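Trainee: Sequence:
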Amino acid sequence: MTDAKAGIDSEFRIRIDRLHSGINQALQFPANSNDMAPNALQRLKEDLSKAVSEDLPKEERISIVQKVEAELCLYHPPALLAADRIRLEDRLYRLRSNPRAEWKKTLSEFKRDDPCVEHRQLLHRLSFELAEAAESFQRLAGIRSRTLFLLMGFSLIVTLLILVLFFMSLVQVVKAAQGTNDLAMFVRSFPEPLMYTLSLAGSMGAIITTVDAVIHENKIRPDYIWTLISNILIRIAFGAVYAIVVVFALLSGLLPLSPSTDEGLILFLIVASIAAGLSDKFFGQAISSVISGNNR
678 MTDAKAGIDS EFRIRIDRLH SGINQALQFP ANSNDMAPNA LQRLKEDLSK AVSEDLPKEE
738 RISIVQKVEA ELCLYHPPAL LAADRIRLED RLYRLRSNPR AEWKKTLSEF KRDDPCVEHR
798 QLLHRLSFEL AEAAESFQRL AGIRSRTLFL LMGFSLIVTL LILVLFFMSL VQVVKAAQGT
858 NDLAMFVRSF PEPLMYTLSL AGSMGAIITT VDAVIHENKI RPDYIWTLIS NILIRIAFGA
918 VYAIVVVFAL LSGLLPLSPS TDEGLILFLI VASIAAGLSD KFFGQAISSV ISGNNR
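Everything in the sequence shown is counted per our numbering, starting at 678 for the first residue and increasing by one.
Hints are computed from structural coordinates only; laboratory data are not their basis.
Just so it is clear, the structure is predicted and the values come from calculations on it, not from any experiment.
It is possible that some hints are incorrect.
Capping the alpha-carbon separation at 25 Å, the derived lysine to aspartate or glutamate pairs in DMTMM-like fashion look like this [claimed, not checked]:
no., residue 1, residue 2
1, Lys744, Glu809
2, Lys727, Glu809
3, Lys735, Asp724
4, Lys781, Glu795
5, Lys744, Asp790
6, Lys781, Glu766
7, Lys735, Glu723
8, Lys735, Glu809
9, Lys782, Asp767
10, Lys744, Glu688
11, Lys722, Glu688
12, Lys744, Glu806
13, Lys722, Asp686
14, Lys727, Glu806
15, Lys727, Asp694
16, Lys735, Glu806
17, Lys744, Glu723
18, Lys852, Glu869
19, Lys788, Glu766
Label-pair ranges, simulated between beta-carbon atoms [said to hold, decoys possible]:
no., residue 1, residue 2, range
20, Arg821, Pro933, 43 to 51 Å
21, Arg764, Leu910, 45 to 53 Å
22, Arg720, Glu766, 21 to 29 Å
23, Val729, Leu827, 33 to 41 Å
24, Leu833, Thr783, 42 to 50 Å
25, Ile911, Arg823, 20 to 28 Å
The beta carbon of each residue, even a glycine, is placed where N, CA and C say it ideally should be.
Model the full structure from these sequences, guided by the hints.
Mentor: Spelled out as structure tokens, the structure:
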């Protein structure tokens, strides 16, 4: 048995012990002595004893505990009813914003220890709604996790491929640039290896922002995975286009940026290409500057 599993089992057993204690206290509550409450509480006690049995599937055991927890809201004495209310209010974050606001408004009409039937029924209903919301969240979280794993695997493969091609083309650029007396003239001749290098640099910048956006996407679903993959590929291609346009703008003097020395020209263009791919906003500002003629 792993530590993680032991921790979960221990927490589950503590939860059952708490409910057993609540049932015993409810049985001693005077208001529950002259009606059908004792029979209902004894039934809950029997149901709860089944949840301890490891012969039942985990989902069924959890369902039993959730049902007992909700039913106890109908029979708890005022002090424990207030504790139930505090526990449920602490879990309201599981609901969407509108239902959460409505529940807060409705509950605010009752004191936490108000034992009236309407208040008890509301807490009983809220227990089940919160359990349902938690189950839905866990299911969607699992789906998102699996989808994100596929997307990240695809992105990793594409990133590694781009890196390999980038370094291969960079080596060719360095070899071609060796021995030339005029590095600026060499760059302005737009040799094929240099164009590949700058395009790949722009793609590297684009994939960084694209993957980051995918990681923080809250509505990832398996049905959308091919759409997201297409989006990644398109933005990578756009990164290459952004890089080439910015490089042309730099070399033509439309953008007021230049390296401190001619020896750093190639590295300067590579950095500018990565920056162009990193941000659509950066590219938009650069193009706006070129179109408006504002080179200051």
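Trainee: All hints, please: hold or fail.
Mentor: Hint-by-hint comparison with the structure:
1. For a cut-off of 25 Å, the pair hint linking Lys744 to Glu809 stands: about 12 Å separates their Cα positions.
2. For the given pair, Lys727 sits about 22 Å from Glu809 by alpha-carbon distance, which is consistent with the 25 Å threshold.
3. Distance restraint check for Lys735 and Asp724: the Cα-Cα separation of roughly 15 Å lies within the 25 Å cut-off, and the hinted pair is therefore satisfied.
4. Distance hint between Lys781 and Glu795 is fulfilled; the C-alpha atoms sit about 15 Å from each other, no more than 25 Å.
5. With a CA separation close to 21 Å, the supplied pair Lys744 and Asp790 stays within the 25 Å bound.
6. The straight-line distance between the Cα atoms of Lys781 and Glu766 is roughly 8 Å, inside the 25 Å bound, and the hint therefore holds.
7. For the hint pairing Lys735 with Glu723, the CA-to-CA distance comes to about 18 Å; that is within 25 Å, so the pair holds.
8. Note on Lys735 and Glu809: the hinted pairing holds, with a Cα-Cα distance of about 16 Å set against a maximum of 25 Å.
9. The suggested pairing of Lys782 with Asp767 holds, with an alpha-carbon distance near 15 Å, which does not exceed 25 Å.
10. Pair hint Lys744 plus Glu688 holds up; C-alpha atoms about 17 Å apart against a cutoff of 25 Å.
11. Under the criterion of a C-alpha separation no larger than 25 Å, the hint pairing Lys722 with Glu688 is consistent with the structure, at around 19 Å.
12. As the CA atoms of Lys744 and Glu806 are separated by approximately 11 Å, the hinted pair is consistent with the 25 Å bound.
13. Note on Lys722 and Asp686: the hinted pairing holds, with a Cα-Cα distance of about 19 Å set against a maximum of 25 Å.
14. For a cut-off of 25 Å, the pair hint linking Lys727 to Glu806 stands: about 23 Å separates their Cα positions.
15. For the given pair, Lys727 sits about 13 Å from Asp694 by alpha-carbon distance, which is consistent with the 25 Å threshold.
16. Between Lys735 and Glu806 the CA atoms are separated by roughly 20 Å; this keeps the pair inside 25 Å, and the hint holds.
17. Between Lys744 and Glu723 the alpha-carbon distance is near 12 Å, which keeps this suggested pair within the 25 Å criterion.
18. Note on Lys852 and Glu869: the hinted pairing holds, with a Cα-Cα distance of about 12 Å set against a maximum of 25 Å.
19. Between the alpha carbons of Lys788 and Glu766 the distance comes to roughly 13 Å, so the proposed pair stays at or under 25 Å and holds.
20. For the pair Arg821 and Pro933, the supplied restraint of 43 to 51 Å holds, since their beta-carbon distance comes to about 45 Å.
21. As the Cβ distance of Arg764 to Leu910 is approximately 48 Å, the hint placing it in 45 to 53 Å holds.
22. Hint check: Arg720 to Glu766, Cβ distance near 28 Å, so the stated range 21 to 29 Å holds.
23. In this structure the hint that Val729 and Leu827 lie 33 to 41 Å apart at CB holds, the actual value being about 39 Å.
24. The beta-carbon spacing between Leu833 and Thr783, approximately 48 Å, falls within the hinted interval of 42 to 50 Å.
25. A hinted range of 20 to 28 Å holds for the C-beta pair Ile911 and Arg823, which are about 24 Å apart.
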